Every structure is written in C-alpha cells, then in structure tokens.
Amino acid sequence: MVSFGDSSTYAVFSVFMLLLTVTFAGDIVHPDKYAPKKPGCDNNFVLVKVPTWIDGVESGEYVGVGARFGPTLESKEKRANHTRVAIADPPDCCSKPKNKLTGEVILVHRGQCSFTTKANIAEEAGASAILIINNRAGLFKMVCEDNETDTDIGIPAVMLPQDAGETLQNYIQNKSTVSVQLYSPKRPQVDVAEVFLWLMAVGTILCASYWSAWTAREGAIEREKLLKDDSNEYLNTENAGSSGYVEISTVAAVSFVVIASCFLFMLYKLMSYWFVEILVVLFCIGGVEGLQTCLVALLSCFSWSQHAAQTYVKIPFFGAVSYLTLAVTPFCIVFAVVWGVKRRVSYAWIGQDILGIALIITVLQIVHIPNLKVGTVLLGCSFVYDIVWVFMSKLVFHESVMIVVARGDRSGEDGIPMLLKIPRLFDPWGGYSIIGFGDIILPGLLVAFSLRYDWLAKRNLRAGYFLWAMSAYGLGLLVTYLALNLMDGHGQPALLYIVPFTLGTFLSLGKKRGELEILWTRGQPKMPCPHIREDHQPVDQ
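Taking UniProt numbering, I'd label the letters of the sequence shown as residues 1 to 541.
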C-alpha cells in the first residue's frame with residue numbers, strides 16, 4: 001500500500017475523479033424564472049431551426065430562439081411552410097411598414113421599441129412571422145415589458161444572431177429571393193446514445209472491479225504462502241509495503257471534494273481557450289498512463305508475451321520497466337497525440353472515450369477504499385458537492401457552474417475532455433450525451449470494494465455484496481437518464497441519484513446480514529493467521 005502523501009498524486013486524482021459529476025444532453029427548452037410571465041406572454045424559450053433557400057436552392061441553416069409571446073412553433077419539419085422573407089421598411093418595424101406584405105416573414109432589426117410592439121405592427125401589416133436580428137453576436141430572450149397589455153399576438157417571433165440576420169438581409173438587398181422554414185423539433189424521449197453510454201459506464205466499473213478483486217486475491221494468496229513458508233519474509237514484506245495501490249483515508253476523502261471544488265471554481269472563472277488546452281495535455285498524459293497500464297495487463301494474459309512482461313530493464317528516471325511496457329508505450333503516446341491534434345473532428349469522441357475508459361479503469365485499479373466508513377464519507381461529500389455545483393450554484397452565479405465548465409462555455413472548445421460522450425444519433429438537434437468521470441469513478445470505488453470483499457470472503461454472487469452494488473449503480477444511472485429526459489435535457493447531478501442507490505443498498509444489506517461493523521471498520525473478512533512469537537518464529541499448533 002502507498003501512503004497518500006505525495007501532493008502531485010493527490011491533486012491529479014482529485015481533479016480526475018471529482019471534477020465533473022454531471023450528465024446532460026443539451027437544452028432545447030429554457031424555462032426562465034427571472035424573465036417575467038403574464039397571460040399571453042408565458043411561452044418557454046425554445047431553440048428554433050431556420051433553414052433557408054436562396055433563389056430556390058437550399059442554403060444554410062441557422063438557429064434562433066423563440067419569444068415569450070406569440071403562438072408556439074410547429075415541431076415537424078414537413079409541416080412547416082416555406083415562406084418568403086421581406087425586409088422591413090423602416091428596418092426597426094416600430095411604425096407601419098411602407099412595403100405591402102402578403103404573408104411574408106418580415107426581417108427587422110432590434111431596438112427603438114419593444115419586441116411586442118414590433119410583432120403587433122408586423123401582424124397588422126400582414127406578416128406571417130417576424131425575424132428579429134439581434135444587435136450583437138448570440139441570442140437574446142425576448143420578453144414582454146411589465147406595463148404592456150397588448151400581448152395577444154398571433155404570429156411567431158424568432159430572434160436570429162446578428163451575423164445570420166445580416167447574411168439574409170444582404171441576399172435580399174442583392175435581389176435574391178430568400179425563403180425560410182421556422183420549426184422547433186422536439187428532442188426524442190430516449191436516444192440510443194444514452195443506452196450505449198449506460199453500457200459503457202456499467203461495463204467500465206465491471207471490468208475495473210474484477211481486475212481490482214483479482215489483484216487483491218492474488219496478493220492475499222501470496223501473503224498466505226509467505227505466512228506458511230517464512231514468517232520473517234512476510235514481516236519484511238509488511239514493513240516494506242507494496243506499491244500496487246493507494247488507500248484513501250477519511251481525511252483524504254473529504255480533501256478530495258474540497259480540492260475538486262476549488263479546481264472547479266478556478267475553471268469556471270478562468271475558462272478560456274488556453275486553459276482548456278492545458279486540460280487536454282493533462283488528459284493526454286493521464287490517458288497514456290491508463291492505456292499503457294490496461295494494454296500491459298491485457299497482453300500479459302497471453303503466453304507469448306509473458307516473458308516480455310516479466311523481464312525488466314533499468315531506465316534512468318523511471319527505474320525498472322518491463323520490455324512489454326516499452327513496446328506498448330510508443331503506441332499509447334501516438335494514440336493520445338493524434339487524438340489531441342484531431343480532437344475537433346466528428347469521430348474524435350471515439351478516441352476520447354478509449355483514453356477516458358482506460359484512465360478510469362486504471363484509477364479504480366490503483367485507488368482503493370479500505371472500508372465502508374471511508375466509502376460513506378467519500379460518496380456523502382460527493383453527493384453534496386454534486387448538488388451544490390449543479391443546482392445551488394445557480395443562486396449565486398445565475399448559471400450552473402458544473403454545466404458551464406462541462407460544456408466549455410467561453411472557451412471556444414466543445415467541452416473539456418474529462419467526459420465520456422457519444423453523439424445523439426436520432427436527435428434532430430445533434431449534440432452529445434455525456435457523463436463525467438466522477439459519476440463512474442466515485443461509485444465505482446465502492447462497487448470494486450464490494451467485489452474485493454466477496455472474493456476474500458470466498459462468497460458467490462448471490463451471497464455477496466457485488467451483485468447488489470453493481471445492480472444498484474446501474475439502476476441509479478438509469479434513473480439519472482430518466483430524470484434527464486423528463487427535464488428536457490437539462491444537466492442533472494448524477495450522484496444525486498446514484499449515491500442513494502449504491503450506498504443505501506450496501507448499508508442496508510450489511511445491516512441486515514449483521515456485518516455492518518466489519519464492513520465499516522475492517523473492510524475485509526477475518527482471515528486465519530498463525531501466531532507469531534516475539535522472535536518472529538511461528539508457533540507450532
């Protein structure tokens with residue numbers, strides 16, 4: 001066992017394990033309690049697809065946002081009408097347009113009067129919808145003023161980003177015929193991406209747990225042999241320790257959450273392109289280590305590679321390194337570098353998931369919780385951490401800190417790399433379903449502990465704790481995705497659902513079986529051990 005005193009190791013594990021514990025699929029509906037509502041002005045803010053045709057030829061597609069007022073938009077593309085676009089004259093549409101309208105979509109500029117005034121004037125002039133060009137990049141939520149009473153508006157109103165609106169305006173001014181469709185497709189209740197993401201998370205914990213338990217059992221068998229053959233060698237081994245894994249203490253469990261909170265807040269405040277680049281480099285380093293560890297362990301199972309795995313060469317700064325490790329390391333480095341360079345291409349999520357899964361499995365193999373007490377403290381603190389940074393942070397910052405960091409807002413990047421993600425294949429809005437590393441590693445530590453305990457106690461699946469803990473994790477993650485879909489894709493703190501299922505199941509089962517005290521303090525079944533004399537000689541029984 002390694003003492004957890006090295007500060008660099010401490011920081012790295014804290015960042016990778018606890019940085020992100022959130023799942024989301026991307027919002028298309030934006031309820032907003034800060035924007036005023038009143039009768040006729042109580043729509044949710046929805047994203048709107050605006051495909052365009054120039055002189056009858058399909059051109060680009062823009063995304064706008066629907067207003068608080070007006071009728072709801074069609075959700076089906078095939079039911080949305082192709083409608084010609086006309087420029088308002090005057091451009092702000094704060095007075096009756098000079099040009100005659102016969103059902104066109106009118107394109108106006110923001111400013112000079114309220115949004116509802118523009119919409120009412122456009123409707124009276126004969127427009128079928130109004131597109132309002134924002135006066136800056138991005139979108140703005142269009143609401144009703146407090147003193148407005150004429151909110152019975154019969155045409156939809158959509159705001160476009162400044163660049164999109166000016167592009168359409170230039171086409172029209174150049175005598176091109178521009179037509180658009182306006183519709184807001186609904187996100188499917190379940191996307192196959194969420195099914196695969198669930199399988200990835202459960203499968204990762206399953207593999208890591210069996211690897212961890214197998215290593216623990218081999219170590220126990222080795223210690224048992226030393227006890228029988230040579231007590232002095234056993235005692236020397238106990239004193240020297242083993243560099244195979246890291247045991248978390250109660251203090252370390254609390255410190256993990258504190259350090260991760262500080263790092264998350266720092267990311268939120270300093271989020272930028274260069275900061276994400278630093279995270280990408282750190283992720284690549286961790287991914288290389290994880291992929292190398294997993295490949296060496298996998299290849300060592302084959303007879304043709306066992307000699308290379310057990311033959312070592314001494315390398316400066318690294319010490320003794322097996323030939324098998326030397327053989328796979330260049331591949332791992334190249335893999336991570338290629339992903340880092342190509343990470344913006346559409347298929348880069350595959351490389352990110354491979355590196356991420358390898359890193360998670362390696363962390364679960366190296367980091368152990370020694371007993372249920374430490375596991376309870378760690379998951380309990382993480383439970384609070386998740387709720388605070390996903391939900392309660394909105395009260396202070398008016399946005400979810402965790403979700404902003406996960407999406408990589410203000411960085412120009414498509415999120416930070418400490419995530420597993422899969423593209424939403426049947427979602428008209430595209431995007432990714434994601435899960436943070438913390439949602440797998442933190443409960444995975446408890447699940448791996450349960451299997452180590454079962455194997456050391458020589459229990460089968462039905463009589464042990466692992467089957468129950470693994471099932472509880474899968475069910476908790478399933479409930480997380482149900483909540484995600486019920487909330488229209490708004491990010492959810494996954495540990496809010498996973499921790500009660502996994503930890504609650506473990507505690508309840510331990511209490512029912514009368515083993516809670518052993519699990520809480522010792523964390524391992526009592527093992528028979530020969531008595532040792534003062535001179536370290538075994539006593540004959």
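In case anyone wonders, no lab produced these hints; they're calculated from the structure. No experiment lies behind these values; they were computed from the predicted model shown. One should not assume that every hint holds.
With a straight-line Cα cutoff of 25 Å, these simulated BS3-like cross-link-like pairs (lysine-lysine) come out [what the hints assert, rightly or not]:
#1 K49 with K78
#2 K141 with K394
#3 K511 with K458
#4 K78 with K186
#5 K49 with K141
#6 K225 with K373
#7 K76 with K186
#8 K512 with K373
#9 K186 with K141
#10 K186 with K49
#11 K175 with K96
#12 K269 with K394
#13 K175 with K98
#14 K373 with K458
#15 K394 with K458
#16 K186 with K100
#17 K141 with K76
#18 K373 with K511
#19 K49 with K76
Here are the in silico distance ranges between beta carbons for each label pair [stated by the list, open to error]:
#20 R513 with P188: 40 to 48 Å
#21 R513 with K186: 22 to 30 Å
#22 V345 with V192: 33 to 41 Å
#23 G430 with E399: 16 to 24 Å
#24 L507 with M266: 44 to 52 Å
#25 K96 with P423: 41 to 49 Å
#26 E58 with D89: 23 to 31 Å
#27 G154 with K186: 21 to 29 Å
In this text, a Cβ means the ideal position worked out from N, Cα and C, and glycines have one as well.
So, going through the hints one by one against the coordinates:
no.	hint	verdict
1	K49 with K78	holds, 13 Å
2	K141 with K394	holds, 18 Å
3	K511 with K458	holds, 20 Å
4	K78 with K186	holds, 14 Å
5	K49 with K141	holds, 16 Å
6	K225 with K373	violated, 30 Å
7	K76 with K186	holds, 8 Å
8	K512 with K373	holds, 17 Å
9	K186 with K141	holds, 19 Å
10	K186 with K49	holds, 11 Å
11	K175 with K96	holds, 23 Å
12	K269 with K394	holds, 15 Å
13	K175 with K98	holds, 18 Å
14	K373 with K458	holds, 22 Å
15	K394 with K458	violated, 48 Å
16	K186 with K100	violated, 34 Å
17	K141 with K76	holds, 23 Å
18	K373 with K511	holds, 13 Å
19	K49 with K76	holds, 11 Å
20	R513 with P188: 40 to 48 Å	holds, 43 Å
21	R513 with K186: 22 to 30 Å	violated, 47 Å
22	V345 with V192: 33 to 41 Å	violated, 21 Å
23	G430 with E399: 16 to 24 Å	holds, 22 Å
24	L507 with M266: 44 to 52 Å	violated, 34 Å
25	K96 with P423: 41 to 49 Å	holds, 47 Å
26	E58 with D89: 23 to 31 Å	holds, 27 Å
27	G154 with K186: 21 to 29 Å	holds, 23 Å
In terms of the numbered hints stated before, the structure departs from hints 6, 15, 16, 21, 22, 24, listed from lowest to highest.
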